[in-house]
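Novice: Letter by letter, the chains look like this.
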Amino acid sequence: MKKVAETGPEEEISQELPQKREGAGLADMIAALMPLFVPAYFFYGERPLFISLVTVLAALAADILCTRMRGRKIGVHNLSAAVTGLIIALLMPASVSYAVPISAALFAILVVKHPFGGYGRNIFNPAAAGYAFAAVLFPKAVFSFPAPFTKLAADAAVQDLSLQTSLLAALKLRTLPQTSLFSLMLGGVPGPMGTTGILIIAACLLYLLVRRVVKFQTVLPFLITVFAFAWLFPRIPGGRLASAGYEMMAGPLLFCGVYMVSDPATMPKTGKGAAAYGILCGLLAMVFRYYGAFEEGFCFALLIANALAGWLDRQLSKISFKELGIRGLAALRGLLRRAAGMIRKTAAEKGGAGNGHSNHKKV
Amino acid sequence: MDIQTIRRYKRNYSLLSGILSNNPILMQGLVLAPAVVASTTLKNGLALCICAFVVFLPTLFVVSFIKGKNQIPHFLRMFFYALLSSVFFIPAAFLTKAVFPSSVDMLGIYMPLLVVNTIVIARAEAVAVRSRPLVAVGDAFFHMIGFAVPVLLAAGIREYFSSGTLYGVLIDLNSRNLTQVNLPFVGFILFGLMAAGAQLISQKATPAYRKWVNKRIILKASAESTAEQQSRNSEER
Numbered sequence: 005m006k007k008v009a010e011t012g013p014e015e016e017i018s019q020e021l022p023q024k025r026e027g028a029g030l031a032d033m034i035a036a037l038m039p040l041f042v043p044a045y046f047f048y049g050e051r052p053l054f055i056s057l058v059t060v061l062a063a064l065a066a067d068i069l070c071t072r073m074r075g076r077k078i079g080v081h082n083l084s085a086a087v088t089g090l091i092i093a094l095l096m097p098a099s100v101s102y103a104v105p106i107s108a109a110l111f112a113i114l115v116v117k118h119p120f121g122g123y124g125r126n127i128f129n130p131a132a133a134g135y136a137f138a139a140v141l142f143p144k145a146v147f148s149f150p151a152p153f154t155k156l157a158a159d160a161a162v163q164d165l166s167l168q169t170s171l172l173a174a175l176k177l178r179t180l181p182q183t184s185l186f187s188l189m190l191g192g193v194p195g196p197m198g199t200t201g202i203l204i205i206a207a208c209l210l211y212l213l214v215r216r217v218v219k220f221q222t223v224l225p226f227l228i229t230v231f232a233f234a235w236l237f238p239r240i241p242g243g244r245l246a247s248a249g250y251e252m253m254a255g256p257l258l259f260c261g262v263y264m265v266s267d268p269a270t271m272p273k274t275g276k277g278a279a280a281y282g283i284l285c286g287l288l289a290m291v292f293r294y295y296g297a298f299e300e301g302f303c304f305a306l307l308i309a310n311a312l313a314g315w316l317d318r319q320l321s322k323i324s325f326k327e328l329g330i331r332g333l334a335a336l337r338g339l340l341r342r343a344a345g346m347i348r349k350t351a352a353e354k355g356g357a358g359n360g361h362s363n364h365k366k367v
Numbered sequence: 003m004d005i006q007t008i009r010r011y012k013r014n015y016s017l018l019s020g021i022l023s024n025n026p027i028l029m030q031g032l033v034l035a036p037a038v039v040a041s042t043t044l045k046n047g048l049a050l051c052i053c054a055f056v057v058f059l060p061t062l063f064v065v066s067f068i069k070g071k072n073q074i075p076h077f078l079r080m081f082f083y084a085l086l087s088s089v090f091f092i093p094a095a096f097l098t099k100a101v102f103p104s105s106v107d108m109l110g111i112y113m114p115l116l117v118v119n120t121i122v123i124a125r126a127e128a129v130a131v132r133s134r135p136l137v138a139v140g141d142a143f144f145h146m147i148g149f150a151v152p153v154l155l156a157a158g159i160r161e162y163f164s165s166g167t168l169y170g171v172l173i174d175l176n177s178r179n180l181t182q183v184n185l186p187f188v189g190f191i192l193f194g195l196m197a198a199g200a201q202l203i204s205q206k207a208t209p210a211y212r213k214w215v216n217k218r219i220i221l222k223a224s225a226e227s228t229a230e231q232q233s234r235n236s237e238e239r
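From first to last, the protein sequence lines are chains D and Y. With positions in the first sequence counted from 1, the corresponding number in this note's numbering is that position plus 4. With positions in the second sequence counted from 1, the corresponding number in this note's numbering is that position plus 2.
Bound-form chain Y, shown alone (with noise of 0.2 Å):
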């Protein structure tokens, strides 16, 4: 089994990673300015999400498409992403707005911001220029994941903490009504406490993670070379 294809194993593995080792908001610290402020209620978190989802996933798509990275000169790329993602705000906009009416104003700027995103560019950069375009959603896909976790969990402790209520629906009937909880300062410190607690998960998970997936290729090179060996038998014979 040859280097190389150690690598591809090890890379379709690591599409998981952006849900906890590289997370995009509690590891790499991206997307923070509309993560922090526009989840002040799950609605609005989810509309976040959503619209994330929407924009994120067929750019990186079509970034997958680019073979080679001299294909589009460097300094041009970034504004091509950019563009990509912004011709995919549109349906995102218009998908938003038909589930969520009220949460698109209340997000605000920070809907639109998702355009020039640094989720894109990294991830694109990273994964989406020289991958199969397979294997460039996969890692979107688990990056969204790692991004709407921790938005989501935010968005549900503040609204239960302002209005006593999650996802509208009234729970807390004695809730102080702790509205302040929705400045973007509650944010950081939650998303703080939250990036803390994941380092702890990802240290205890992390090495457990990769002995599994050591395990895997290991058994993976004795299968093939197995088969190898098989099929040289048989012409052999």
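Bound conformation, chain D alone (with noise of 0.2 Å):
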């Protein structure tokens, strides 16, 4: 872990331009994804395959005939939106109808990724704002699952399936789910195709970090956020833990986490800035999620955190910690002189012996 926070300024550079070296990070993404489609296959059959296939095929022909307009290669660059195509379709419950999920991608690539300059220079994160959109417009589509191991033909649309609500609707409405946590941990719930895997996703999480394609400066802050907030305000009976690793597994937060949080053309590009950004990303997931009006705002959060990435690499790179350190400490001895003084004061006035604070004297 170390070793990638040393290699701090490489990485800049990197950013600036990431057409250098993003064909790997995106390879890289896509070989994360897949391990997903294990899961999806084995609890809903062969539709979660066709609706990914056809969701990563409408954004891959919408990014191309975006890039021919804007007269740029086609390249490497062009996979980008296969990622966000596999995202949003993983996103999705199994039981959607093929035209949500397309929207969506449709919606990503060509009013959220091109018209703010394409690869590597979008200012939201084209997912998030598909998902986001997606939800917005179809929410009973997008907010309602099939049970698990109902196997779904890829057929047009799904008929005479009885259709189920998370565990996040649960803890809506502030009632402890039935499932177990270690139930939860190996998927077997209701929710979208992709995500209830949160082994899998943690595995993934591991491989992304080792290989550098996600930074563990602002996944762990968000993480660490995400788990401070529902240990700290528990919504449901239960205690604090279950409220912790309830709000942390049931949905598709963790997978949010993983693939989307770090995305680096969205986040900020230093590392305060990175890590103010998944605080901010946390606090506002888990605040959509307890007062917003639908069970995962997990997108929303994201696209706010987005559009505040650049303030918040701009504000804390005035901020230098190791000043503020020293005038902290600085602050702080006057404080316990102060306090030192006043106590041998009263200490005077009654008469009695000061020995026993003359560990203030030293400092």
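Please keep in mind that the hints were generated in silico from the structure rather than gathered at the bench. Where a beta carbon is used, it is the ideal one built from N, C-alpha and C, also for glycine. Wrong hints could be hidden among the right ones.
[Stated by the list, open to error] In the DSSO-like style, the derived pairs of lysine-lysine whose C-alpha atoms are separated by at most 30 Å in a straight line are:
1. Lys155(D) with Lys176(D)
2. Lys322(D) with Lys276(D)
3. Lys45(Y) with Lys77(D)
4. Lys144(D) with Lys45(Y)
5. Lys273(D) with Lys77(D)
6. Lys222(Y) with Lys206(Y)
[To be verified] Some chain Y residues judged to face chain D by a derived CB distance under 10 Å, without partners named:
7. Arg178
8. Gln182
9. Leu185
10. Leu195
Since each chain comes alone in its own frame, lean on the hints to assemble the complex.
Specialist: In structure tokens form, the structure reads like this:
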């Protein structure tokens, strides 16, 4: 981990010109998204594969069209659209009709990615915006899930299927879910088709951290903030630990934290900014969950944080923690001296011995 | 032909700029709030446009009678415009209520909001104060058309997707009824896309239009000069 931190300037340069090295990162992202199809196929049959394929093709076609229209060369960077399409598809329930993820992917590429400058220059995360678009326009289709272990055919529309709400809906109603935390970890719960395999996502997070595609400066503050928020303000009965566990593992929050928060194009470029960005994302995501209209507001939180990314960089680059630390230490020393003086004074007034406070003299 | 005459001609021809190259919504981003929120059905959009027409045209007509900029001090002029358009809002509200009774409730605050609108102030300060009444009204008219076209377009698109109807007439039987299209964010995105389209058309159309205007001015100038020469010749004779 420390080695990653030491290569700060090199990474900053690489983010100034993302085209130079990003092909490898994109390949890693796609490689890390692939294992999620194993539980998806295991739980829902072949339909998730077809939905993802169609979504990725739509995103790629839109991206290539836009790239040609803007007069740029087609290259490895077009694979970022495939990543966007994969993330959008995996965030959808397996029973969703094909139109929803396709329209979300088209929105992501045509409205959010290319008008703002295309690959590496977009302000907002395209996948988050596409998911937000689908969630706002088709809330029924996005937030009702088929039961796991129902094999779905790859037809145009799934009919006569009893759809369930996810665990997040139960959390939203402030009730303790019936599913145990262990089975949640294994993933046999209704939810988006790619995001329920918590263990697999955690393994992918490790892989991405080792490959330095995902910055731990963002992901760790994000996860810690979510954990701390759920620990401090539990909204379900059953104790703080249960609250933290359910909030972390129910819903696509971990998936989003791994694959969407540290998107190099939309996150702050400096280390301090990245950490503040992770904390902000976690905080906003939890606030959206607790008080938002939808059961999962992560994407809205990420879009707001994206808008503040550059500002965070600018503000935090002015602050030097070393200087702050020296100043804080000096202030602390002054306070301690004053307190010691007061204690000595009162001790002298009382006439008692002030030897008990001799440790303050050293300061 | 002196420079002032050229300017006069150019001003007369720049009347049309309100439609495209100086469009109040798509190019200047004025009146966005009522346009984005209220353009949910064609009837609502039409009600908004009628109300805006009835408020803006007479206001700018009256403003054009202020001769010279110093007749009313600058800080008072804004209040004067708002007061004037609120006077003309009374008949506009009655008219809209008579034509579209249901739309008035749906428009809510966004109809009275037209009184303190930025188009009035912008056009009054830019054109109406220093122009003849007819020019001021013409400028306001073309700006209103520039306001109405995108609003009605957005209203039609949103009505079609939200209920499958156009102007209350059922068109698409298999409509998916996406009532979420009526949310303001869809309006913002629609107007953003339309602004991009308007930029594209304007980039292509404006040079051609300018060329045409210049040609007209040169033609008029030559006609005037020949007329002057003829009159001089007749005087000399």
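Novice: Now tell me if each hint is right for this structure.
Specialist: Taking the hints in turn, this is what the structure says about them:
no., hint, verdict
1, Lys155(D) with Lys176(D), "holds, 28 Å"
2, Lys322(D) with Lys276(D), "holds, 11 Å"
3, Lys45(Y) with Lys77(D), "violated, 46 Å"
4, Lys144(D) with Lys45(Y), "holds, 29 Å"
5, Lys273(D) with Lys77(D), "holds, 26 Å"
6, Lys222(Y) with Lys206(Y), "holds, 26 Å"
7, Arg178, "holds, 9 Å"
8, Gln182, "holds, 5 Å"
9, Leu185, "holds, 7 Å"
10, Leu195, "holds, 8 Å"
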